[in-house]
Amino acid sequence: MKAPEFEGPMDPIAADNWFIDFQVILDFMRLTEQEKVLCASFALKKDARHWWMTMQMRRDVMAMSWQDFVAEFRTMYYNREILAAQ
511 MKAPEFEGPM DPIAADNWFI DFQVILDFMR LTEQEKVLCA SFALKKDARH WWMTMQMRRD
571 VMAMSWQDFV AEFRTMYYNR EILAAQ
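For the sequence shown, the numbering used here gives the first residue as 511, with consecutive numbering after it.
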């Protein structure tokens with residue numbers, strides 16, 4: 511099973527579609543919180559990879575929970591209207 515890749519367009523619909531597809535795979539694999547973060551970070555390409563590299567400089571991503579990753583990802587790639595609706 512090949513995980514979907516996310517290149518980081520500033521398109522909240524594309525980001526949400528990637529997140530939903532990726533979450534299905536993570537749920538199927540039954541990974542730990544840290545394994546989910548590692549798998550998701552591996553699927554980030556191009557602009558999204560640069561965002562992740564910046565995240566690694568700002569905080570200890572090895573200790574990052576899945577919920578923290580999701581919050582950071584949504585802050586970066588979702589717009590405020592979508593975040594307010596959730």
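Some hints here could point you the wrong way.
So the derived label-pair ranges between C-beta atoms look like this [to be verified]:
| id | residue 1 | residue 2 | range |
| --- | --- | --- | --- |
| 1 | Ala581 | Leu541 | 16 to 26 Å |
| 2 | Pro519 | Phe552 | 11 to 21 Å |
| 3 | Lys555 | Val580 | 30 to 40 Å |
| 4 | Asn589 | Arg540 | 26 to 36 Å |
| 5 | Pro522 | Lys555 | 11 to 21 Å |
| 6 | Glu517 | Val580 | 14 to 24 Å |
| 7 | Glu515 | Thr564 | 24 to 34 Å |
| 8 | Arg540 | Met520 | 15 to 25 Å |
| 9 | Asp557 | Val580 | 10 to 20 Å |
| 10 | Arg569 | Thr542 | 13 to 23 Å |
| 11 | Pro522 | His560 | 13 to 23 Å |
| 12 | Leu536 | Met586 | 12 to 22 Å |
For the record, the hints were derived by calculation from the structure and aren't laboratory data. We put the CB at the ideal spot given by N, CA and C, even for glycine.
Verification of the supplied hints:
no.	hint	in the structure
1	Ala581 <-> Leu541: 16 to 26 Å	holds (18 Å)
2	Pro519 <-> Phe552: 11 to 21 Å	holds (19 Å)
3	Lys555 <-> Val580: 30 to 40 Å	violated (19 Å)
4	Asn589 <-> Arg540: 26 to 36 Å	holds (32 Å)
5	Pro522 <-> Lys555: 11 to 21 Å	holds (18 Å)
6	Glu517 <-> Val580: 14 to 24 Å	holds (18 Å)
7	Glu515 <-> Thr564: 24 to 34 Å	violated (18 Å)
8	Arg540 <-> Met520: 15 to 25 Å	violated (32 Å)
9	Asp557 <-> Val580: 10 to 20 Å	holds (18 Å)
10	Arg569 <-> Thr542: 13 to 23 Å	holds (19 Å)
11	Pro522 <-> His560: 13 to 23 Å	holds (19 Å)
12	Leu536 <-> Met586: 12 to 22 Å	holds (19 Å)
Violated hints for the displayed structure, listed by number in ascending order: 3, 7, 8.
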